[in-house]
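A.B. asks: So the chains spell out like this:
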Amino acid sequence: MTNLQFITSVSSTGTSSVDITNIFSDKYDVYCIKSTTYEIVGSASQNLYRRLLDSTGTVISATEYASATLEGRAWDSSLLESRSNGQNYMATGGYINDDSTEGVGFVQYIYNPYNSSSFTFSKTQSSSWNNNSSRGLVMRKGISVHKNAEQITGIRYYVASGTFSFKASVYGVK
Amino acid sequence: MSEFGYIPEAPEQSFGNNKGIFTPKDIYDLTRADKYTNLGQLELIETQTHSSDVSDIDFTSLGTYNVHLLTFSSTKGGGTNPQMKVRFFESGVKETANAYANAIQFCDADGSSFNYSKSTADSGIPINGNYMGGVTQGYIYLYNLGDSSKYSFLTFQSSQYSGTYGSRFFGFGSGVMKQSSTVDGINLYNSNAGNFTDFDISLYGIKEY
Numbered sequence: 001m002t003n004l005q006f007i008t009s010v011s012s013t014g015t016s017s018v019d020i021t022n023i024f025s026d027k028y029d030v031y032c033i034k035s036t037t038y039e040i041v042g043s044a045s046q047n048l049y050r051r052l053l054d055s056t057g058t059v060i061s062a063t064e065y066a067s068a069t070l071e072g073r074a075w076d077s078s079l080l081e082s083r084s085n086g087q088n089y090m091a092t093g094g095y096i097n098d099d100s101t102e103g104v105g106f107v108q109y110i111y112n113p114y115n116s117s118s119f120t121f122s123k124t125q126s127s128s129w130n131n132n133s134s135r136g137l138v139m140r141k142g143i144s145v146h147k148n149a150e151q152i153t154g155i156r157y158y159v160a161s162g163t164f165s166f167k168a169s170v171y172g173v174k
Numbered sequence: 175m176s177e178f179g180y181i182p183e184a185p186e187q188s189f190g191n192n193k194g195i196f197t198p199k200d201i202y203d204l205t206r207a208d209k210y211t212n213l214g215q216l217e218l219i220e221t222q223t224h225s226s227d228v229s230d231i232d233f234t235s236l237g238t239y240n241v242h243l244l245t246f247s248s249t250k251g252g253g254t255n256p257q258m259k260v261r262f263f264e265s266g267v268k269e270t271a272n273a274y275a276n277a278i279q280f281c282d283a284d285g286s287s288f289n290y291s292k293s294t295a296d297s298g299i300p301i302n303g304n305y306m307g308g309v310t311q312g313y314i315y316l317y318n319l320g321d322s323s324k325y326s327f328l329t330f331q332s333s334q335y336s337g338t339y340g341s342r343f344f345g346f347g348s349g350v351m352k353q354s355s356t357v358d359g360i361n362l363y364n365s366n367a368g369n370f371t372d373f374d375i376s377l378y379g380i381k382e383y
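Going down the list, the sequences are from chains W and L. Residues in the first sequence are numbered consecutively from 1, following our numbering. Residues in the second sequence are numbered consecutively from 175, following our numbering.
FYI, nobody ran anything at the bench for these hints, they're computed from the structure. Hints are not guaranteed to be accurate.
To be verified - In silico EDC-like pairs for lysine to aspartate or glutamate, Cα to Cα no more than 16 Å straight-line:
hint	chain 1	residue 1	chain 2	residue 2
1	W	K174	L	E217
2	L	K268	L	D296
3	W	K167	L	D321
4	L	K193	L	D208
5	L	K352	L	D321
6	L	K352	L	E269
Said to hold, decoys possible - Just the calculated beta-carbon pair ranges, DEER-fashion:
hint	chain 1	residue 1	chain 2	residue 2	range
7	W	G162	L	D284	46 to 52 Å
8	L	I201	W	T56	33 to 39 Å
9	L	S322	W	T15	24 to 30 Å
10	W	S165	L	S225	41 to 47 Å
11	W	N148	L	V267	48 to 54 Å
Claimed, not checked - Where chain W lies over chain L, by a calculated footprint (3+ residues, C-beta under 8 Å):
hint	stretch
12	274-282
13	320-334
Even glycine gets a Cβ: it sits at the ideal position worked out from N, Cα and C.
Model the full structure from these sequences, guided by the hints.
C.D. replies: Have a look at this one:
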């Protein structure tokens, strides 16, 4: 049976980015990252973004990513589609709360990050809370790819402005 | 001699960083202290299978996890247009009020369009379309159930075959119980007053350190 094997966890408060380094290796082809805490500190709700770290641990910020995301909001009868074939980040499921009470839940899978001859793919599904105008639940499901074949060793989570609190755990899928 | 046979003192032990030669008792003690490297963090809590038709399936021993995974297969419902929904227990009491919100995308393989379903106030969180008379299977991730300061969220993906209509569906979505509380149980129920006529459901906790 498929199982999860714990690799590491991170916990941070009041930072603009969080690097999770040296988590990918030749031991696994697929990784699972889960989070229950993502809280913006002192500003409006905003997205959580990702960038990958290369074999030297350097963040990849070139326009080498593509993402497609479907968003449903419990108060709105329309679905939102978001997609781009050239971004300098990976979309992360989550339009997240702007205070500390609600929390969040997301699971991401990362495919082939350590294989230097393969692109790195990802899928995400999230459930989060948007406090803007007292709205509510946000559902997101998305896919992403890093369109360059190179060895990836880690991942950076960040916000466009301000700081955030964040907790996540990383697992290898055996 | 100190613990784990070291003289004069034992090195610090932690998950992924164990040093030394361990006796069975050492391994037992370190495992109980979450300091021994036992790989396999998807931990089975309970499996429930059908032995007789029931209207509700409850998981009331959740353990201590930030994230749970619930898998279901071979699950069928009786009654008219049966639909499986999720509710939560708070301090042993099932929350049946309109305390839940959801946003769900469904697709009918025989249809020409997708169907988006959402609610800001519902008495449960739908996990599939209301055609569970065939068979349905899928998984649900549940977040923050044991955290009294946070809402309880879930994400899911399901597929089903409708015996009545001969159609195939898939669905994915999110849900939340929009109040901060300690959830100590999960309730699966057939929202259309019928029973579950078959099911094979497992609940796991995802261990972290």
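A.B. asks: Run through the hints listed earlier and report the numbers of any the structure violates, in increasing order.
C.D. replies: Going through the list in order, the structure violates no hint and respects every one.
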